[in-house]
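Colleague: These protein sequence lines are chains G and X, in that order.
Quick note on this note's numbering: the first sequence kicks off at 1 and runs consecutively.
Quick note on this note's numbering: the second sequence kicks off at 1 and runs consecutively.
You may find that some hints are simply not true.
[Claimed, not checked] Taking lysine-lysine pairs in the DSS-like style, the calculated list, with each CA pair at most 30 Å apart, reads:
no.	chain 1	residue 1	chain 2	residue 2
1	X	LYS96	G	LYS214
2	G	LYS87	X	LYS102
3	G	LYS170	G	LYS278
4	X	LYS96	X	LYS272
5	G	LYS87	X	LYS272
FYI, nobody ran anything at the bench for these hints, they're computed from the structure.
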Amino acid sequence: MRIRTVDVAKEFGRTGALRGVSLTIESGELIALLGPSGSGKTTLLRVIAGLEAPTAGRVFFGDEDATSVPVQQRRIGFVFQNYALFKTMSVADNVAYGLRVLPRADRPPGAEIAKRVRHLLDFVQLSGLERRFPRQLSGGQQQRVALARALAVDPRVLLLDEPFGALDAKVRKDLRRWLRELHEQTGHTTVFVTHDQEEALELADRVAILNAGKLEQVGTPDEVYDRPASAFVMSFVGDTSSIPVEVVDGRLLYAGQPFRADVTGTCGGGGRLYVRPKDVVIGAPETGLLLGTVVNAHRTATGRRAQISLVGGTAPIIEAEVGLSQKLLPGERVGLRFIRSRAFPADAGS
Amino acid sequence: MSEAPMRPRNTSAATTERPAVRALLIALALAFLALFLILPVVVVFAEALRKGVGAYLATFHDPDALAAIRLTLTVVVIAVPLNMLFGIAAAWAIAKFEFRGKSLLITLIDLPFSISPVVSGLIYVLLFGAQGYFGPWLKAHGIEIIFALPGIVLATMFVTFPFVARELIPLMEEQGNADEEAALTLGASGLRAFLTVTLPNIRWGLLYGVLLCNARAMGEFGAVAVVSGHVRGFTNTMPLHVEILYNEYNFAAAFAMASLLTLLALVTLVAKTLLEMHYGEALARTPRV
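Just chain X, same shape as in the assembly (with noise of 0.2 Å):
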């Protein structure tokens, strides 16, 4: 009995597929990134100059645009270091201490992202406004909360709430508490451990969060929305003033506006790339949720 030799077929791993399969996938890939990721962008900032530098420019001369961006980043300067405090107190409470209720708090932590935007604003307003519970209470002391910077702070609070816990979580989870025993044990004070110890440990999956938390704060539309009035040049985020101007058939200033938040966006995304290359190491050693 003779067998037939085996010929080797294929030289290549087993996991590689053939040359054409692989050129069509990653012409496919390539296609639908350009299509829902690439040409958005290029879109805005095509539109956003079709009528030259000059004009495009001066639409940033209009007090009311500017009113928008000194507003955005105002609450960003409140709400992001607000969140990052919130966040790793509550990942240091869930990662480190048994607790009645743990589960039901990290529940509570992705709330935010679960439910509508437009519906935590809505919250908002149930509470601190005209006709809300606490309405007339705040009122009668003459504190503004909704159609105010209070409420859009408070609101862009709410929903980026879970960017900094939920990137803290797990990486504090997996270091567990015995760095922070050592150096007790060495003498160090609690504060002086969390300083020169658990803060340096969760250094970039902080920062991660924070570049996270920040963009979406930035950009966030429906919960500032409900509760921002669209007051022009007091209560007007950017997201609101390029819906403003859109509805006024304003296009230019729109996508100009428009522009200017997706520029912030890429270079979020940069710092974030940046990151990951120089930090890539200590980054993929936090787990993904």
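Bound-form chain G, shown alone (with noise of 0.2 Å):
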């Protein structure tokens, strides 16, 4: 089901508010709403699903106007962030909630509906845990009968709230990769939300950026990565360091000084310029690079991070990854050069 939300807005008063949001949600993607807490990507969710009315803008089923169709009638399935079990039932009793509470001439019969609940929890991997109450099950458990409970109504778009915020990172890495296959099996149209910038990245066939209630940028994880759209997508998305620049007479200039980079895009007279770590190269401080001081370098799992601050300026801290064989010692002068980076305009920044 192709889902689009059109201009939609939502004034709260609090946070979590949405400013003019168009989103298209193709069949049967895969999509990611990111964004830091606060910036309305929950929100966006429930507004889909129908448990928030937007105070502006329309919210399109396919061809139809589901603004104002009731969550009930929508058939979605929504996942809690706490995946809000029904702790006073069973996990057969769960899963089984939705089609007992289809009117009668849609409700399958008894038999039908215990076959129904043994087959989604065959497919959730649950069999045997029919009989269990919620707390008697892992985080991870409890997050399945969740999601078979949801896709029990057959629902025309999955929405999941951070549905890997409450688990531990082992389960969470285990849960997404089964996850991305139960969505090829199904080729349910699914949206999540998430804050989890890797998460978005390696699971979503698309991601959706949001920050302080507006749409950053929609794109594949390739496209937000590697072009972003705003300096807060470069932030955001993947580390990153900036520092101030200017550009007098088509040179670039920090601090006053002219340094040599690789740069896109433009900033005019003055703005940021945006570096990812892996893209700086650190080296002998000739004239004509950035210089910098080591503050330290710390060992990752395939490499260093080094840490440099820079002279002039704020001495502003510049990250790098550096190989293994290369020695920095802290206190020693260097040159930097940035062999990729990006520069945003300065008003636009964060």
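Both chains come to you apart, so use the hints to assemble them.
Modeller: In structure tokens:
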């Protein structure tokens, strides 16, 4: 089911408001709503679900204007952040709930419901736990019950709010892979909310990045990572360092000194230059390079991450990834070259 | 330099006292309990049965005594279910919605706890009594509230209002809206969600609140005394009847009636204990205020 929000706005007075969000979610797509807390990503998900009514704008399910369709009739599957399993019901009763509340005419007979529940629990690999109660399950198992319950009503779209937020790192990774497989098997249009950029990049076909209630960029993981549309996207997706720069006569200046760097994007007369750690090369302190002092260099899984304090200005810290063979001592003078960096106008920063 | 070897003086946990201290503390607690809680209960039954079981039972053949029992039960049957409904409604409103004056409402719910029951009785007399604001109008329309069943029910409801709401507010606040929202996304109507999700989630807290409400409704004296008018056989509840009998030096009958009230209290207590034993885990999750 293709889903569109058109100029959706939601005013709260609190955080999490939305300001004119237009997003098209293609049928069968797995899309992530990514943003910091208070960016409005959960609000957008709840507006699509019908749990919140937008103050302006429209929501379309296919060609149908669903803006004023109540949540019960939208036929959506929603997985809540803390799963919201019904504590007083067994796993099987939880999964069967959506089928049992159907109007009599549409409700399958009891035996059919039981069969569907068995099939779903089998599908989420929880066979044999039908009679358990939610509190007797681990976090990962609860998550899968919540998913089975949402899938039971054969939803037109599957909406997940921070689906891995409450799980520990190992379970998180496994479930992530499993959810991807599940999506490929069922082909449900799926929208999930996350604040974890790694999760969004790894799992989603496309990522929609929200900031302060506005959509900053929508694109494939490659697009948002390699061609960020704004300074916010650049700094939110992946690690970045930034420095204030000026452009005078086509030359790039930092703290009044010209330096060489490979830059895309324009920032008029001045702005900020953003660079990822892997795009910083450290060498001898030659003229024409940015000069800095090594603060420290600590070990990462694949190499070393160095922190360099630039000479001049407010002495901002630049992070750089260096190979294991390159020895850096604290206090050492070095020259920095940005092999890839992006410039954005100052006022659009963060 | 040699260090003195550290000899373990006490092998038990740091929070455990020495046996003598422990025995003393326990004895003190037990003595206090016996004097102030167990003794009165025993005395009530001893006094009631002083003249034998026959005389004890005979006091309940008195039509006035029977009328008092009937009236108390009638009041409870009306007041407790209504307070259960109002309690759920108030707790629902406070726990699940944000609105202006919410903290004022919470304070108001506690008002019956902080105000003297006599005062709450007087308020109703002031409103509905013959000289009260609505008195003449009520009289003209032939409606009796003060010195009649409606007044007693109103006073009882006022005094026992906080029990259910107080029990449910923290429980419902802790549970939040997510379960109900989940039910709605699965296609359930609001009523269906309430019956199948909300109500089961709060059932033990609700039962607990209703039990306490019931116990208080049966035993309420002050507020009821003001609005009842003490008409024997008509507007005397059990606690009021006890007082009348006592004032008439009819101690055996007074204690017999008192023993019945005590018995009701004991039943409530046992029911509450059973509830805690069986559903202790569920109830323990309810933060008490």
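Colleague: So, for every hint listed, does it hold in this structure?
Modeller: To see whether the hints hold, each was checked on the structure:
1. LYS96/X - LYS214/G: Between LYS96/X and LYS214/G the Cα gap is close to 29 Å, so the pair holds against 30 Å.
2. LYS87/G - LYS102/X: 28 Å, holds
3. LYS170/G - LYS278/G: Given pair LYS170/G, LYS278/G holds - Cα atoms ~26 Å apart, limit 30 Å.
4. LYS96/X - LYS272/X: The given pair, whose Cα atoms are some 27 Å apart, holds under the 30 Å limit.
5. LYS87/G - LYS272/X: Holds. LYS87/G to LYS272/X sits at ~22 Å (cutoff 30 Å).
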